[in-house]
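Novice: Kindly produce the complete structure, drawing on both the sequences and the hints.
Just so you know, the protein sequences line up as chains W and E, in that order. Start counting the first sequence at 1; every next residue gets the next number (my numbering). Start counting the second sequence at 432; every next residue gets the next number (my numbering).
Hints are computed from structural coordinates only; laboratory data are not their basis. Treat the numbers as computed from the prediction; the structure is a model and nothing was measured. Mixed in with the good hints, there may be bad ones.
[Said to hold, decoys possible] Taking lysine-lysine pairs in the DSS-like style, the calculated list, with each CA pair at most 30 Å apart, reads:
#1 W/Lys226 x W/Lys425
#2 W/Lys359 x E/Lys627
#3 E/Lys464 x W/Lys43
#4 E/Lys627 x E/Lys661
#5 E/Lys464 x W/Lys315
#6 E/Lys627 x W/Lys59
#7 E/Lys661 x W/Lys64
#8 W/Lys140 x E/Lys479
#9 E/Lys479 x E/Lys433
#10 W/Lys359 x E/Lys621
#11 E/Lys688 x W/Lys43
#12 E/Lys629 x W/Lys43
#13 W/Lys59 x E/Lys464
#14 W/Lys226 x W/Lys315
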Amino acid sequence: MIEWSDTEIMIRDAVREFVDNEIRPHVDELEHGGLPPYDIIRKFFSSFGVDAMNRENFKRRIEKVKAREAGADSGQADAGGGISGQEAMALLAVTEICKVSMGITAAMGVSVGMAANTIMARGTVAQQERWALDLLTFDKVGAWAITEPDAGSDAFGGMHTTVKPDGDGYVLNGQKTFITNGPYADTVVVYAKLRDPADGSDVDLRRQPVLTFVLDSGMDGFAQGKPFRKMGIHSSPTGELFFDDVHLEPDRMLAGPAAAKGSEAAAGRGSAEGAGSDAGRESARANFVAERVGVAAMALGVIEECLRLCLEYAKNRKLWGQPIADFQLIQLKLAKMEVARVNVQNMVFRTVEMARAGKTPTLAEASAMKLYSSEAATEVAMDAVQLFGGNGYMAEYRVEQLARDAKSLMIYAGSNEVQVTHIAKGLLNGG
Amino acid sequence: MKIVVLVKQVPDSGEERTLRADDKTVDRDAATKRMNELDEHAIEEALKLAEANGGEVTLLTMGPGDATDTIRKALSMGPDKAVHVSDDALHGSCAIATSKVLAAALGKLEWDLVLCGAESTDGGVQALPHMLAERLGVGAVTGARKVTVEGATVTVERQTDEGYEVLQTEGPAIVSVWDTINEPRYPSFKLIMAAKKKPVESFALADLGVSADEVGLANATSQVLEFAPKPPRQAGVKITDEGEGGAKLVEYLASEKFV
Ligand SMILES: Cc1cc2nc3c(=O)[nH]c(=O)nc-3n(C[C@H](O)[C@H](O)[C@H](O)COP(=O)(O)OP(=O)(O)OC[C@H]3O[C@@H](n4cnc5c(N)ncnc54)[C@H](O)[C@@H]3O)c2cc1C
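Specialist: Set out below in structure tokens:
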């Protein structure tokens with residue numbers, strides 16, 4: 001694939017129109033007025049029929065599973081969380097939205113891509129029907145919570161949030177932080193360490209298994225903090241979650257007692273793939289791949305928008321009687337932006353092409369894309385601020401927001417340092 | 432109910448537009464081409480009527496080969512099929528010739544209602560629905576901000592400067608609409624992907640029984656003799672308030688006929 005097809009360009013243009021009409025006019029409120037993004041996301045879902053499409057796919061998939069369970073169909077259920085043809089289309093939408101308000105894609109991506117996909121990949125049909133469908137249609141908002149104040153990159157090893165067996169269920173205690181949609185989520189996927197009192201007090205928490213649960217907002221003992229003030233992606237609310245003796249019925253646990261040993265988890269957040277049976281492992285891996293590839297699409301949005309704004313500005317801003325585009329140092333900035341654009345676009349194209357061939361990038365490859373594209377976007381956006389001079393530092397010219405937004409890409413979805421470890425692991429261990 | 436919607440590809444009215452230096456027709460390459468904005472509202476209304484009453488929506492466009500872009504975009508909103516009238520001889524046709532061609536095409540289609548935009552943003556003639564009605568011997572109710580269809584009766588609220596008038600006719604009829612009538616939908620991703628597979632029938636002049644010497648620039652009933660770019664915007668009037676600013680403001684507003 002060397003360029004978007006006619007049909008994809010139609011999709012892109014339609015999303016562009018939506019962004020211009022439905023998002024751009026609200027950027028100030030989203031950035032500085034605390035406007036949550038959810039009504040806009042819902043409008044996006046209903047305008048483009050994403051809700052109906054996801055509902056249909058969900059029904060088809062559940063029917064398939066039920067038929068297989070009844071022995072009528074020997075076909076395989078779709079693998080959860082991976083990149084399908086439709087998700088390739090989603091990449092295009094993500095790129096367009098990130099040109100104006102990256103946080104909207106973060107809020108949307110976590111709810112659908114992380115929370116719903118985890119339930120689809122690791123839950124029973126009953127759990128999928130109970131929680132995932134409403135997330136897939138965006139009738140409800142989802143969050144996906146691993147990170148804790150003392151456990152980010154070392155998410156599973158350092159995890160202090162615990163569940164204790166209680167009757168046939170569990171009791172949850174602890175705290176999560178930096179959780180996208182945390183303040184507003186209706187449905188939250190939470191990871192917690194198993195702490196069985198029968199094990200005695202000398203048990204090494206690092207090595208205890210990690211279990212996955214689904215919580216509903218409003219449960220006794222479950223509190224959702226207010227949105228943090230943060231550097232960028234203001235349109236994505238991020239906050240803390242608190243668990244104080246939250247009683248969890250057994251049907252809130254995903255995929256049985258999913259065990260992740262601390263030793264496996266030490267390599268970073270990506271080691272969530274250790275948290276489960278092999279099927280859970282696979283699906284979590286696919287989640288990380290999708291998330292990291294998604295970062296490339298987000299980065300592409302920032303880069304394309306910076307390049308567009310910079311070209312326009314460089315041609316119109318006149319100094320010493322000539323447009324600054326005539327200066328070679330400005331041209332160098334533009335040229336480097338173009339290099340970044342070509343590279344990141346090729347990464348997105350490759351992902352789409354692989355999806356069409358029924359393939360998924362390896363974790364190492366997805367990590368490489370994430371590492372490169374997030375750095376490229378941040379560099380391009382900071383250069384854009386520089387190219388605009390004083391105006392670049394002013395909110396009105398928009399590049400400062402793009403720079404703040406871009407920086408987030410280097411931190412979440414596994415910090416860039418953790419991407420390095422995953423790339424190295426792939427290179428050195430061939431996996 | 433069978434509805435035909437007239438759709439035209441025009442230069443984007445949001446960009447600088449001009450006429451061609453050689454034959455003084457609209458320079459279609461000077462600006463981005465897009466669907467005439469009001470036609471989106473006509474399509475939306477047709478889809479709503481078809482959804483409410485059952486039926487089929489067909490697009491009809493007369494335009495050069497690249498109008499297929501607009502046809503596909505229009506199809507992605509939901510219509511079932513399209514008819515594209517295209518012929519080199521049509522270049523530079525006036526409104527009267529256009530109405531002849533479209534009437535001939537409508538004669539080949541089955542319909543209860545024809546919907547179109549109240550005007551095209553490039554021509555702005557607003558006369559086409561009436562010309563078509565005359566040629567086809569049906570009623571035209573134009574400038575609608577609301578349309579209702581009950582049985583064969585078509586009722587519209589016709590938008591005027593002061594408010595609206597209610598007009599009624601028996602179908603088949605031609606209805607033109609303003610942008611106040613509805614909010615056009617975004618095309619769903621699913622329909623965008625399906626748009627390429629929807630049938631588009633092509634007609635040349637010969638298929639419609641119209642001869643080349645009835646259409647085109649050479650046979651146009653109106654002629655552009657001369658054109659000039661619009662003058663740059665004049666500086667505004669500044670009124671300094673030295674006690675009688677209010678009176679001066681009113682004077683100015685009255686002289687410009689604002690009050
Ligand atoms: C906007 C935003 C949204 C987020 N949303 C979510 C969410 O929805 N759900 C969720 O669970 N989490 C979320 N996070 C948390 C995010 O995943 C973590 O911030 C990230 O994994 C880093 O963890 P940390 O903040 O604890 O940093 P730390 O792990 O404390 O890292 C500190 C520094 O050490 C570096 N480092 C770590 N390990 C190594 C190593 N092995 N070698 C070298 N350097 C290393 C890191 O790269 C970093 O530079 C979000 C974060 C942000 C900023």
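Novice: Run every hint past the structure and note whether it holds.
Specialist: Quick rundown of the hints versus the structure:
{"no.": "1", "hint": "W/Lys226 x W/Lys425", "result": "38 Å, violated"}
{"no.": "2", "hint": "W/Lys359 x E/Lys627", "result": "26 Å, holds"}
{"no.": "3", "hint": "E/Lys464 x W/Lys43", "result": "27 Å, holds"}
{"no.": "4", "hint": "E/Lys627 x E/Lys661", "result": "40 Å, violated"}
{"no.": "5", "hint": "E/Lys464 x W/Lys315", "result": "25 Å, holds"}
{"no.": "6", "hint": "E/Lys627 x W/Lys59", "result": "26 Å, holds"}
{"no.": "7", "hint": "E/Lys661 x W/Lys64", "result": "64 Å, violated"}
{"no.": "8", "hint": "W/Lys140 x E/Lys479", "result": "28 Å, holds"}
{"no.": "9", "hint": "E/Lys479 x E/Lys433", "result": "12 Å, holds"}
{"no.": "10", "hint": "W/Lys359 x E/Lys621", "result": "23 Å, holds"}
{"no.": "11", "hint": "E/Lys688 x W/Lys43", "result": "42 Å, violated"}
{"no.": "12", "hint": "E/Lys629 x W/Lys43", "result": "27 Å, holds"}
{"no.": "13", "hint": "W/Lys59 x E/Lys464", "result": "40 Å, violated"}
{"no.": "14", "hint": "W/Lys226 x W/Lys315", "result": "44 Å, violated"}
Figure legend: structure checked against the earlier numbered hints; hints not met, in rising order: 1, 4, 7, 11, 13, 14.
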